[in-house]
Every structure is written in structure tokens, then in C-alpha cells.
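*Asks:* So you can see what is in the structure, the chains are spelled out below.
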Amino acid sequence: VFSFTDVFDKNTLIDFDKYSVTKKDTVIFLINENQEYNYYTLKYLKAFKQYNKLNNIFIVSDIEGIETHVKENASTDVTFISCNEEQKLGICRLYRLYKFTRQVIINEFENTSDVSADRLVGVGDITVKDIVAIAILGLPEVPMESE
Amino acid sequence: MSLNEIEVEVKKLIDAGVLNGKTIYTFGANRSSINMIRFLRQNNIFPKGIIDNSEKKHGQIIEGLEVTAPKNTVCPYDEDKVILIASEYHKEMCSQLEGFGYKKDKQVFVTSVIRKFYDLSDNTYGEYINKLRRGFEIYSKLTLDEKTMVFICPYPGTGDIFLIGLYLQKYIEDNDISDYIIVVKNNTCKRVFDIFEYQNIVIIADEEVESLVCFSRIMKDTVRCKVLNESYMRIMHRRLRGYKSLDFNTMLRVAVFEQDDEYIPKFPEDNVSDEEVDKFFENNNLIAENTVILSPYAKSVENVPDFMWESIAGDLIEKGYIVCTNSANDKEPAIKGTAALFIPFKILRPVLKRVYGLIALRSGLCDIAGDIQCKKVVFYPKGTVFGASTPFQYFSLNLMNLCDDAVEIEYDDQQRESMIEMACNVF
Numbered sequence: 001v002f003s004f005t006d007v008f009d010k011n012t013l014i015d016f017d018k019y020s021v022t023k024k025d026t027v028i029f030l031i032n033e034n035q036e037y038n039y040y041t042l043k044y045l046k047a048f049k050q051y052n053k054l055n056n057i058f059i060v061s062d063i064e065g066i067e068t069h070v071k072e073n074a075s076t077d078v079t080f081i082s083c084n085e086e087q088k089l090g091i092c093r094l095y096r097l098y099k100f101t102r103q104v105i106i107n108e109f110e111n112t113s114d115v116s117a118d119r120l121v122g123v124g125d126i127t128v129k130d131i132v133a134i135a136i137l138g139l140p141e142v143p144m145e146s147e
Numbered sequence: 001m002s003l004n005e006i007e008v009e010v011k012k013l014i015d016a017g018v019l020n021g022k023t024i025y026t027f028g029a030n031r032s033s034i035n036m037i038r039f040l041r042q043n044n045i046f047p048k049g050i051i052d053n054s055e056k057k058h059g060q061i062i063e064g065l066e067v068t069a070p071k072n073t074v075c076p077y078d079e080d081k082v083i084l085i086a087s088e089y090h091k092e093m094c095s096q097l098e099g100f101g102y103k104k105d106k107q108v109f110v111t112s113v114i115r116k117f118y119d120l121s122d123n124t125y126g127e128y129i130n131k132l133r134r135g136f137e138i139y140s141k142l143t144l145d146e147k148t149m150v151f152i153c154p155y156p157g158t159g160d161i162f163l164i165g166l167y168l169q170k171y172i173e174d175n176d177i178s179d180y181i182i183v184v185k186n187n188t189c190k191r192v193f194d195i196f197e198y199q200n201i202v203i204i205a206d207e208e209v210e211s212l213v214c215f216s217r218i219m220k221d222t223v224r225c226k227v228l229n230e231s232y233m234r235i236m237h238r239r240l241r242g243y244k245s246l247d248f249n250t251m252l253r254v255a256v257f258e259q260d261d262e263y264i265p266k267f268p269e270d271n272v273s274d275e276e277v278d279k280f281f282e283n284n285n286l287i288a289e290n291t292v293i294l295s296p297y298a299k300s301v302e303n304v305p306d307f308m309w310e311s312i313a314g315d316l317i318e319k320g321y322i323v324c325t326n327s328a329n330d331k332e333p334a335i336k337g338t339a340a341l342f343i344p345f346k347i348l349r350p351v352l353k354r355v356y357g358l359i360a361l362r363s364g365l366c367d368i369a370g371d372i373q374c375k376k377v378v379f380y381p382k383g384t385v386f387g388a389s390t391p392f393q394y395f396s397l398n399l400m401n402l403c404d405d406a407v408e409i410e411y412d413d414q415q416r417e418s419m420i421e422m423a424c425n426v427f
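Residue numbers (our numbering), protein chains in the order written: chain A, 1 to 147; chain B, 1 to 427.
Fair warning: there could be bad hints in the mix.
A few chain B residues facing chain A, derived, Cβ under 10 Å [unchecked claim]: (1) Ile6; (2) Pro76; (3) Thr188; (4) Arg217; (5) Ser245.
Everything labelled a hint here was simulated from the structure, so no lab data went into it.
Beta carbons: idealized from backbone N, C-alpha and C, even for Gly.
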């Protein structure tokens with residue numbers, strides 16, 4: 001039996017108004033089970049912020065203990081928001097349904113797409129760094145890690 | 001033939017007579033401008049040029065029209081100039097033109113807003129929930145039981161469908177799929193699948209396909225559906241197009257069909273009788289080994305000018321070839337000096353196997369002809385971007401390993417003579 005309320009409930013979403021997210025900010029869901037993706041997402045934030053002329057970046061995750069990892073590896077200041085699994089899956093389902101904003105980025109493909117771009121890692125000389133920088137963050141090139 | 005959203009709006013302007021006697025520009029060197037230009041020309045209205053704010057695009061020739069800066073083209077204000085906009089940046093564009101003195105809905109017309117910014121308002125959200133409901137209804141109608149796999153082809157490009165055909169059978173075998181249906185948007189797609197002799201192909205309306213895609217994406221862990229496209233409505237995947245030489249075939253093979261480098265795609269067996277093909281040549285007064293087919297039309301890339309095709313046709317006719325234009329309908333007239341030739345998909349490959357050569361603008365036909373041994377010359381537009389590369393880098397037949405014998409040329413209007421020579425020298 002198919003029930004739409006089971007599929008998606010708007011009320012489970014994180015209330016970003018509470019965090020004063022503006023049009024000059026971006027919210028990144030750091031939820032990839034492969035930590036390499038999370039690591040490079042954090043490493044390339046400075047370049048991402050500069051490229052998009054952003055004021056603030058919000059990092060949202062349900063991964064236990066990741067806040068420390070974020071603080072240690074983020075290449076620029078970020079605001080960390082913890083979420084639960086239900087909230088994570090809610091945003092992923094909504095993202096699958098339609099692109100409701102440009103201001104949310106989810107750094108994985110399994111929960112958000114029907115085609116896993118990470119399968120392309122290893123094709124030619126495509127790496128996780130490429131997938132994170134080019135596909136996920138939309139940067140024109142892979143930044144130097146020191147950038 | 002039904003009109004798309006932009007065409008409907010442009011048609012309204014034509015019918016209202018607001019374009020009569022005006023010098024028309026489109027704003028934005030993009031796909032939507034190309035669609036507007038083509039549609040206007042079909043209605044005997046000939047735009048003057050394309051304006052764009054990107055300096056990188058200035059000087060490019062698209063659809064035979066030069067891309068120029070707005071301030072150099074429509075400034076100072078000229079009441080006889082009309083600017084058509086189909087862009088998500090329509091507000092900014094209108095505001096810029098209003099700064100030159102133009103008025104919206106008098107000289108500036110927005111034919112599509114190409115909405116990309118979505119929201120969580122009840123209207124937008126409700127719209128998608130309705131799509132989900134519709135998708136569920138369609139899915140329920142299509143599938144007899146939960147074992148049935150639904151393959152959805154949301155993009156109806158001929159070449160896309162042909163390449164899907166190359167890999168789908170292997171995917172079906174690898175995943176032990178006993179019951180499946182293939183959902184397509186139109187009869188052309190079905191006819192391309194028919195080349196491979198796939199069964200259970202269902203044609204449904206565009207809007208129904210969109211709804212089914214929505215449903216399959218939301219229910220991806222629960223229902224057996226697979227969207228057969230490498231980046232349908234997915235910006236993250238599109239950004240990888242052409243990146244580090246990633247071509248279309250590889251994207252499809254790896255990302256969609258999960259096949260490694262070892263797998264060699266299986267081209268169709270072309271089970272068509274010799275008599276049927278003989279009859280086609282006879283009915284069209286063609287001598288197979290002396291025939292060259294021109295295919296100057298494509299949906300996904302810009303056309304190259306007619307005079308180039310006319311020059312090539314003239315040269316080949318002088319050399320003694322019979323030259324025809326592949327023409328699917330009235331919108332694809334024969335190149336001057338050649339006869340229009342409609343080749344049904346069913347016999348397309350057998351026909352191409354017999355002719356001497358094919359000279360084509362890159363289209364789905366080129367994918368279908370990929371492994372065929374006839375002489376192949378393929379033109380690609382130059383100076384345009386596709387994903388992280390160019391149409392040539394992303395769709396090259398040779399680079400996609402569909403063949404290694406195609407002569408592939410990026411058309412450069414500045415070097416038209418040498419382009420023509422290059423093509424003709426193959427014959």
C-alpha cells in the first residue's frame with residue numbers, strides 16, 4: 001500500500017529560518033558514508049566560498065562525532081548543524097523529488113539520485129577529488145588543498 | 001506536431017503581429033535561443049542576431065547568427081528592434097534592456113522563464129506531490145506485478161536511445177530480469193528500440209514520463225524502476241560531461257549500466273531481408289555503392305549553414321555520386337541539388353551498410369551508423385560548450401569507441417573552404 005505521508009513529510013525538515021540562512025549562504029549536507037568524500041568536501045570549502053562569493057556555509061550531518069572532523073578539516077569557518085537520520089532522509093527525498101533551492105548541496109549520490117556518479121571514480125583518471133570539486137561543489141577545477 | 005512551451009509563446013507573438021517588420025534579437029547564447037531562432041525561421045521570420053552579456057561568447061556564430069554584446073547591438077534605443085528572452089535570468093535581462101529604453105511586452109518579450117529556482121511553497125510542493133500521485137497511477141497501470149522492471153527513457157534523443165539499446169540487453173541478463181517494460185516518449189524512440197528487437201515498449205506522454213521519473217526517484221528503494229539517462233535533471237552529473245575526456249558513451253556505460261571497460265557493446269543484427277533493402281534502392285532510383293547521404297539536421301547541436309552542404313553536394317555530384325538528403329519531415333528540406341530521402345529506422349542500418357558514404361551533422365543518426373563501414377564524415381559545432389568540454393569531445397564517434405574510421409570535423413565558419421575540401425576529399 002502506497003502512502004505519500006510515509007514517503008515525505010515537510011514537517012520533518014530542518015527549520016533553516018532558525019539559523020538565519022540567507023541567499024548568500026549555502027547549506028551542505030555532509031552525509032557520505034565514504035569519509036574520503038566528506039574530507040575533500042571540507043577541504044574545498046574555502047575555494048567554494050570564494051568562487052560563489054558566499055557569506056556563510058552551514059554544514060549539516062547526522063554522522064556521529066563528525067563535528068570534530070569538520071572543525072579540524074574545514075578549510076574555512078563554517079556553522080555546524082547536527083541532524084537526525086529522519087531529517088537527513090527527508091531532505092534527500094525532497095532533493096530527489098525536485099530541486100527546491102540552489103542553496104542546498106548534498107555530498108552523496110546514493111540517497112539523492114538514480115545514477116551514482118561515484119561509479120566514475122577510476123574511469124580514465126577521475127578521482128574522488130574530481131567528483132567532489134567538479135560534480136558536487138560545481139567548482140571549475142580541483143583546488144589545491146592549501147587553497 | 002505539438003509545440004513546446006517556448007514555441008507556443010513565440011507563436012502567440014507571431015499571431016499577434018508584434019514581430020512584423022521588426023529587427024529581432026534573442027537574448028542569451030543558449031539552447032532556448034536556438035529553439036526560438038529555428039521556430040521563427042520555420043515561420044519565415046529571420047532574426048538578426050543573438051545578444052549575450054558573456055564576453056567569452058561574443059563573436060561566436062550560432063545558427064549562422066553572430067553573438068554580440070547588448071550595449072553594442074541594441075543600444076541606443078531603436079523602436080524597431082525586438083528582443084526575445086527565454087532565460088531564468090529574464091528579470092535581470094529585462095531590467096538591462098529597460099535601461100536602454102525598451103519596454104517589456106512592447107519590444108521585450110519573455111517567452112519562457114525556465115524556472116530553476118524552486119521553493120517549498122505549497123504550490124510548488126503540491127505540484128510535485130501531484131506528479132508523484134500521477135506517477136504512482138502510471139506505474140500501477142504499467143506493471144502487472146512487483147517483479148516487472150520498468151525502464152524509463154526520459155530523454156527522447158535518437159542517439160541516446162540507440163546507445164541505451166547497446167547496453168540494455170546485457171543489463172537485463174546480468175540482473176536476471178525476466179519481465180520488463182521500456183517506457184519511451186514517442187514512436188521514434190520505439191522504432192529505434194525496434195532495431196534491436198526489444199519487446200514490451202510502451203509510449204506514454206511527456207508529462208506522464210516526468211511523473212513516472214518522480215515516482216521512481218522517490219520510491220527507488222521500493223519499486224523496480226530504472227531511469228536510463230546519465231544526467232536527467234541532475235546538475236551534479238551534468239558537470240562531469242566531458243570532464244577529463246569523459247565521453248557520453250562512457251558516462252552511460254559506467255554510471256547507468258554499470259559495465260566496465262571490458263564490455264564491448266552489442267550492435268544490432270539487422271534482420272532485414274536483402275529484398276527489402278533492394279526495393280528501397282530501386283524505389284528511390286539509387287545505386288547503392290555510388291550513393292552519398294547528407295544528413296544536415298540535428299536537434300542537440302546547432303546547424304551549419306546550408307551553403308556548406310550545397311557546396312559539398314555540388315562537388316560530389318560533379319564527381320559522379322548520387323547525393324541525397326536524409327529528411328524525416330517537411331522541416332528538413334533537401335539540400336539544393338539533392339533529393340530528399342526518408343529512410344525508415346528499420347532499414348536504416350542495412351541501407352547505410354550499402355551506400356558509399358554518409359556526411360552528417362552530429363546527430364543520433366551518427367550513433368546508429370557508428371559501427372557501419374561506409375565512409376563517414378561528421379561535423380560538430382565549434383566554439384560551443386557542452387558540460388566541461390565541447391560537443392566534439394563529448395560526442396565524438398571515434399572517442400566514444402563506436403568506430404575508429406569517422407572523419408570528424410569541428411565546423412569553423414572562418415575556414416569554410418577548407419572544411420568543405422576536407423569533407424569532399426574523403427570521396
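*Asks:* If a hint holds in the structure, say so; if it does not, say that too.
*Replies:* Now the hints, each set against the structure:
Because the closest C-beta pair between isoleucine 6 of chain B and chain A is about 21 Å apart, greater than 10 Å, the hint is violated. Because the closest C-beta pair between proline 76 of chain B and chain A is about 32 Å apart, greater than 10 Å, the hint is violated. The closest approach between the C-beta of threonine 188 of chain B and any C-beta of chain A is roughly 24 Å, which is over the 10 Å cut-off, so the hint fails. Taking 10 Å as the C-beta contact cut-off toward chain A, the hint placing arginine 217 of chain B at the interface holds, the least distance being around 4 Å.
Interface restraint check: serine 245 of chain B against chain A, minimum CB-CB distance 6 Å, threshold 10 Å, status holds.
When the structure is compared with the earlier hints, violations turn up for hints 1, 2 and 3 and for no others.
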